[in-house]
Amino acid sequence: MEKDVFDYSKYTDSVHRLGRIGLSIGVIMLLSAPFLFAYFLDAKINWSGFAGAIWSVLIVYVPSCIVEYLIYVPLLGPGASYLSFITGNITNLKLPCAANAREIAEAEVGSKENEIISTLSVATSSLVTMLVIFIGVLLLIPLTPVLESPVLRPAFDNVLPALFGALGYQYFRKSLKLTVFPLSFMVLICIIVPSLMSQTSIMIIACGAISIGLSWIFWKKHILR
Amino acid sequence: MSYIEAANSLPLYLTVGVILLFIAALCVLFIIKSYRAGVRIGMDRKVLRRAITSSATFTVLPSVSILLGVIALSGSLGIPASWLRLSVIGNLQYEATVAEIAANSMGLSLNATELTVSALSTILLVMTVGIIWGCLLSIFTMKKYSAKLAIGKKSGSGSGGYASWAMVAMMIGLCSTFVGSYIAEAFVTINLVPVITVIIASAFMAFFELLSRKYKVFENFSLALSMLIAMIGAVAVSMVI
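Taken in sequence, the protein lines are chains A and R.
With this note's numbering, the residue at position 156 of the first sequence is 156, and numbering never jumps.
Start counting at 1 in the second sequence, then tack on 1000, and there's your number in this note's numbering.
Just chain R, with the same shape it has in the complex (with noise of 0.2 Å):
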């Protein structure tokens, strides 16, 4: 059997499987709780119904994009490996470095020609222990931490209190993170795509929160659409480009 046989062998698949079902399992245990708990304390059920449509459509293009990865990472590691790094913890830009970085340290290159079954299980090893450490902090701190921070204490709505401009601060700050680097990279580099793609879906963005005062439907939709609409804006401009 080849390397990359091996790589997407069955049990493989099967040992995936199982880790993503109970990870899987968990989320809908916390959609039940937190729904229910959300009815309880007297919130609307169209708001929590609302907040569960508009994270599935937002979710679905970054997804696609999740996958891409996959499909990247699974010719030298296989699917199994590259399906379970990418559906739990991690990222791909983590991912790609540190297999990177431990088939470098066992003299290797991340290369299916190169590779073994060995180092396959010592990447995987590697990639798992060194993301691990946020879910060790909540497992052991979670519970004090928040405590401290008296998240929950209060109820309310709206936008009053520093504590919502904290977040509004923080998105902020990410947002001119990513912004702020694909302005530069039109300086630097004379790639105009990602900004004009920025442009795109801030222009959409705006219009259907317009459209979303008179059709409430758009208020759901709103981000996927215009996610949507400016990726494929992408594909045009570098067409023209």
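So that you can see chain A by itself, here it is in the shape it has in the complex (with noise of 0.2 Å):
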């Protein structure tokens, strides 16, 4: 009988406000940490060197920070879309990492099911990667040779190789139609201009266009099924 008497949008509205709150302290105590770093060192911010850096960073991350907040928040939510904004590592950890929690939950897109995984999914991830990074940075004098050997290397140089050859098998599979289109863009038009290889967050917005402007057509025609 409980959950017929929980109201949802309730949930939902705590989850703007503990969002709005936890991410309005989080913003000021990052921009509090610089002058603080200033503060402990006896420093001062060169404030012509911030002016100098700021508009080249603004003018190339600023677009591309409004291009991923439109196309993330419908995928994963707003609770998942909180969290991963602070955290950072989006697109080569935490819309991956939700991805896969729903997939192995079968929860529908846009689901409340889908949003309480992909919460679930991000703060768990988050979380984990904070507590490495913590035992690393504990252990950072005895780990960094290890981490940094020569006979390790390729496998830490190969985990987004990793990542999205296991990912991709589970994806592809699901359409080779649509498939063929984006993978043969990117590989055509890399072997073309070969220093767009490196520039995978743009590429993102190209193939991510493709792929969803042909499923859209598919769909429509029945071909996705």
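In short, the hints are calculated from the structure, not lab data.
You may find that some hints are simply not true.
Calculated lysine-lysine pairs in the BS3-like style (CA-CA distance at most 30 Å, straight line) [unchecked claim]:
#1 A:K221 / R:K1214
#2 R:K1046 / R:K1214
#3 A:K177 / A:K220
#4 R:K1216 / A:K10
#5 R:K1216 / R:K1046
#6 R:K1214 / A:K174
#7 A:K220 / R:K1144
#8 A:K10 / R:K1214
#9 A:K221 / A:K177
#10 R:K1148 / A:K174
#11 A:K10 / R:K1046
#12 A:K10 / R:K1143
#13 R:K1033 / R:K1046
#14 R:K1033 / R:K1144
#15 A:K220 / R:K1148
#16 R:K1033 / A:K10
#17 R:K1216 / R:K1143
#18 R:K1033 / R:K1143
#19 A:K44 / A:K10
#20 R:K1033 / R:K1214
#21 A:K44 / R:K1148
#22 A:K174 / R:K1046
#23 A:K174 / A:K220
Output of the computed footprint for chain A on chain R, the stretches with three or more beta carbons under 8 Å from beta carbons of chain A [to be verified]:
#24 1176-1187
#25 1211-1219
Note that CB positions come from ideal geometry on N, CA and C, so glycine has one too.
Reconstruct the complex from the two isolated chains, following the hints.
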């Protein structure tokens, strides 16, 4: 009987309240850090250096922040999105992690279940990342030679191929007809313009747009089932 | 006190520790809140726990990779600044690029022999202001934006509706970007290790998926295990090639 009286909209409101308050405090703390560093080190912020750098950074990263925001919120839902934007590593960790949890839970995008699973997944992932880095920082001196050893180096240089190989198998087989277009596009454009191989953050937008655009057409034509 | 000693001093560790503790507490609050809501709408506790377990195992290996980023940046920015920047917002590619831009704008390079404590604080401010916009958009527009998208208005599971296909399409686009770049890399630079790593990870993912039909326990660990085997494969392939 308990679930019958549960008001989901109240839960959503409380997620927004917690997200807004939490992120506001988090942003203030993060912005204070450089000033606290300067205070403790008896240093001053170099404002002319800051002004010189910030414009070139903003021109590149503000548009990509806006596009990421518009794309990721519908996929993750608000709870997971609040956490993803404050904890970072969205493309290479939080989004695949939430997608994997969603697959296991068989939750539909946009549903209450998906929102809850995504929030649990991103929150857990963020905690584990913080914990691993914390342990790593504690053990930095003994760990550094091991992690940076030439023998193990290829393992850590290839985390993303390992991640997207495994994840690719899961998603490509859902629709090979859809996969062939963004994948061929990416291969061809990178062979023609090799510098784009390292511009994955920009190319995600292009491949994502091709894939979503085609999926809509395929869906309308009943090619996707 | 030398620059690197100052950049690794105790007050900086404490500052970073307090900030990260706050964000960790925020994550815990979200876990409690969403877990309780999941139970209240009738979701199976096992499914909720499985989401937590699979996400935790999934995250370990990429986190070690992020830790390598901390090690890489700590040589120039010190451990506390690198620890903060790679634990919250951002990612290594962004942090390294922006730190370099900020250092260059002060006529320096990202090198501990050239940097000063003033430059360190300035670099950290540029890195933070440059990436804070996703958070600000979330604070000011998330409620309206998600209401417009009607997220969480429906209930259900399975694969019905275009929304699920949109998610699949986005993930196909995301995977195509990375896998496509590794295939192109094999042609352009004859570096075969990434593409072989992709093939090993895919093959083992297929194997573990088959196995998980019989042994449910593999469902939570198939991705992490496939990644681990593929990374070991990358080491072996690098030795041979």
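Cross-check of the supplied hints:
1. A:K221 / R:K1214: violated (36 Å)
2. R:K1046 / R:K1214: holds (18 Å)
3. A:K177 / A:K220: holds (15 Å)
4. R:K1216 / A:K10: The hint is violated at about 35 Å.
5. R:K1216 / R:K1046: holds (12 Å)
6. R:K1214 / A:K174: It holds: about 21 Å lies between the C-alpha atoms, which stays within 30 Å.
7. A:K220 / R:K1144: Roughly 28 Å separates the two Cα atoms, so the pair holds.
8. A:K10 / R:K1214: Given pair K10 (chain A), K1214 (chain R) is violated - Cα atoms ~40 Å apart, limit 30 Å.
9. A:K221 / A:K177: Distance ~13 Å between K221 (chain A) and K177 (chain A) Cα, so the pair holds.
10. R:K1148 / A:K174: It holds: about 29 Å lies between the C-alpha atoms, which stays within 30 Å.
11. A:K10 / R:K1046: holds (24 Å)
12. A:K10 / R:K1143: holds (13 Å)
13. R:K1033 / R:K1046: Roughly 17 Å separates the two Cα atoms, so the pair holds.
14. R:K1033 / R:K1144: Roughly 21 Å between the alpha carbons, so the hint for K1033 (chain R) and K1144 (chain R) holds.
15. A:K220 / R:K1148: Holds, at about 23 Å.
16. R:K1033 / A:K10: holds (12 Å)
17. R:K1216 / R:K1143: violated (38 Å)
18. R:K1033 / R:K1143: holds (17 Å)
19. A:K44 / A:K10: Measuring from Cα to Cα gives roughly 46 Å; hence the hint is violated.
20. R:K1033 / R:K1214: Distance of about 33 Å is beyond 30 Å: violated.
21. A:K44 / R:K1148: violated (44 Å)
22. A:K174 / R:K1046: Given pair K174 (chain A), K1046 (chain R) holds - Cα atoms ~26 Å apart, limit 30 Å.
23. A:K174 / A:K220: Between K174 (chain A) and K220 (chain A) the Cα gap is close to 17 Å, so the pair holds against 30 Å.
24. 1176-1187: holds (count 11)
25. 1211-1219: violated (count 1)
In terms of the numbered hints stated before, the structure departs from hints 1, 4, 8, 17, 19, 20, 21, 25, listed from lowest to highest.
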